[in-house]
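Engineer: Listed below, chain by chain, are the residues.
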Amino acid sequence: MPELGKYATEVLSAYAISLLLLCGLIGISWIKHRRVKAALERAENG
Amino acid sequence: MSLWEYANPRKFMGWTGPIVPWAFGIAAVCLVVGLIWGFFFTPDDFRQGSTVKIIYLHVPAAMMAINTWVMMLVASLIWLVRRHHVSALAAKAAAPIGVTMTLIALATGAIWGQPMWGTYWAWDPRLTSFLILFLFYLGYMALWAAIDDPDTAADLTSVLCMVGSVFALLSRYAVNFWNQGLHQGASLSLDKEENVSDVFWQPLVLCIVGFIVLFVALVLLRTRTEIRLRRITALERRV
Chain A
-6 MPELGKYATE VLSAYAISLL LLCGLIGISW IKHRRVKAAL ERAENG
Chain B
1136 MSLWEYANPR KFMGWTGPIV PWAFGIAAVC LVVGLIWGFF FTPDDFRQGS TVKIIYLHVP
1196 AAMMAINTWV MMLVASLIWL VRRHHVSALA AKAAAPIGVT MTLIALATGA IWGQPMWGTY
1256 WAWDPRLTSF LILFLFYLGY MALWAAIDDP DTAADLTSVL CMVGSVFALL SRYAVNFWNQ
1316 GLHQGASLSL DKEENVSDVF WQPLVLCIVG FIVLFVALVL LRTRTEIRLR RITALERRV
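Sequence order for the protein chains is A and B. Just so we're aligned, residue -6 is where the first sequence starts under the numbering used here, counting upward by one. Just so we're aligned, residue 1136 is where the second sequence starts under the numbering used here, counting upward by one.
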């Protein structure tokens, strides 16, 4: 871990918020993709 | 074969399928290497201290917030002129990515601003135009959700996209237009004098490439989902 000094809270919170938002976006997009793909297969197969 | 044929939904699903996993993989490599490089292996700035490490997230996110809207504008214009459904769906698919990028830019900017400017927020031209861009993203998504007929929704959101483009442009050039406020000018420039130092520039460029490729991967994935949703609706209407 690098020495972040007196700004450790700011730097770590910026990284935490950004990575959380990015992972959330990727996760939601992926889950919706899987659900819709399965729903279309069901609809096409009867 | 004409370029427009790639926008045929069946063809689009065909050529984008193999690209998506590769794009996610390349984005992951660029982001992991870029962020680890920037976070662990770059020095503190002599004025900003360790807060300079926020640049690896703030600058790429801000760039993508604006560029996503530009992509939506191009896709909207294609819809209005040529009525390609995939382009309207691509614009719709890009909006949640843009709103996330804008939120990251606003949040990291506020966190960075507190120790550097002494405040989380100021009604500075660039900050204000970014906030308005964020509201335009929310309005754009709300408009898509509010209208049942997909063609009407695509028409109206395309018009909204054109209006919002003024603020996307302002977000980019606000610092130059008004030449006032707290926010600095561009971090990356072709002029070496204005550019950030090489030690920060190299991991920053890698992170920017990672954000761009991640955007491409997400837009393709989400557009494929929208096309499938449209197909489900069509099948349900037939029954």
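Worth flagging that the hints you see were computed from the coordinates, not collected in a lab. These numbers were taken from a predicted model, which means no experiment stands behind them. All C-beta atoms, glycine included, are put in the ideal place defined by N, C-alpha and C. Errors might be hidden in some of the hints.
Taking beta-carbon pairs under 7 angstroms as the criterion, some of the chain B residues facing chain A (in silico) [what the hints assert, rightly or not]: (1) G1184; (2) T1186; (3) L1355; (4) R1365; (5) I1367.
Here chain A is said to cover these stretches of chain B; the calculated rule only asks that three of the stretch's residues, wherever they fall, bring their Cβ under 8 angstroms from a Cβ of chain A [to be verified]: (6) 1188 to 1202; (7) 1243 to 1255; (8) 1259 to 1267; (9) 1333 to 1342.
Distance ranges between label pairs, derived from CB positions [unchecked claim]: (10) G(-2)/A <-> V1164/B: 46 to 54 angstroms; (11) W23/A <-> Q1337/B: 26 to 34 angstroms; (12) S1137/B <-> A9/A: 45 to 53 angstroms; (13) A32/A <-> K1146/B: 17 to 25 angstroms; (14) P1156/B <-> E(-4)/A: 34 to 42 angstroms; (15) G1274/B <-> C16/A: 47 to 55 angstroms; (16) I1171/B <-> R28/A: 46 to 54 angstroms; (17) N1143/B <-> L5/A: 41 to 49 angstroms; (18) R28/A <-> W1150/B: 17 to 25 angstroms.
Engineer: Each hint needs a verdict: does it hold in this structure or not?
Structural biologist: Hints versus structure:
1. G1184: holds (5 angstroms)
2. T1186: holds (5 angstroms)
3. L1355: violated (10 angstroms)
4. R1365: violated (10 angstroms)
5. I1367: holds (5 angstroms)
6. 1188 to 1202: With 5 residues close enough to chain A, the hint holds.
7. 1243 to 1255: Since three or more residues must qualify, the claim that chain A covers the stretch 1243 to 1255 of chain B holds, with 5 doing so at under 8 angstroms.
8. 1259 to 1267: The restraint on the stretch 1259 to 1267 of chain B is violated, since only 0 of its residues have a Cβ under 8 angstroms from chain A and three are required.
9. 1333 to 1342: violated (count 0)
10. G(-2)/A <-> V1164/B: 46 to 54 angstroms: violated (30 angstroms)
11. W23/A <-> Q1337/B: 26 to 34 angstroms: holds (30 angstroms)
12. S1137/B <-> A9/A: 45 to 53 angstroms: Taking Cβ atoms as reference, S1137/B and A9/A lie about 47 angstroms apart, which means the hint holds.
13. A32/A <-> K1146/B: 17 to 25 angstroms: Since A32/A and K1146/B have Cβ atoms about 22 angstroms apart, the given range 17 to 25 angstroms holds.
14. P1156/B <-> E(-4)/A: 34 to 42 angstroms: For E(-4)/A against P1156/B, whose Cβ atoms are near 38 angstroms apart, the range 34 to 42 angstroms holds.
15. G1274/B <-> C16/A: 47 to 55 angstroms: The hinted range 47 to 55 angstroms is violated for G1274/B and C16/A, with Cβ atoms some 26 angstroms apart.
16. I1171/B <-> R28/A: 46 to 54 angstroms: Check failed, 33 angstroms falls outside 46 to 54 angstroms.
17. N1143/B <-> L5/A: 41 to 49 angstroms: Taking Cβ atoms as reference, N1143/B and L5/A lie about 47 angstroms apart, which means the hint holds.
18. R28/A <-> W1150/B: 17 to 25 angstroms: The hinted range 17 to 25 angstroms holds for R28/A and W1150/B, with Cβ atoms some 23 angstroms apart.
When held up to the earlier numbered hints, the structure conflicts with 3, 4, 8, 9, 10, 15, 16 and fits the remainder.
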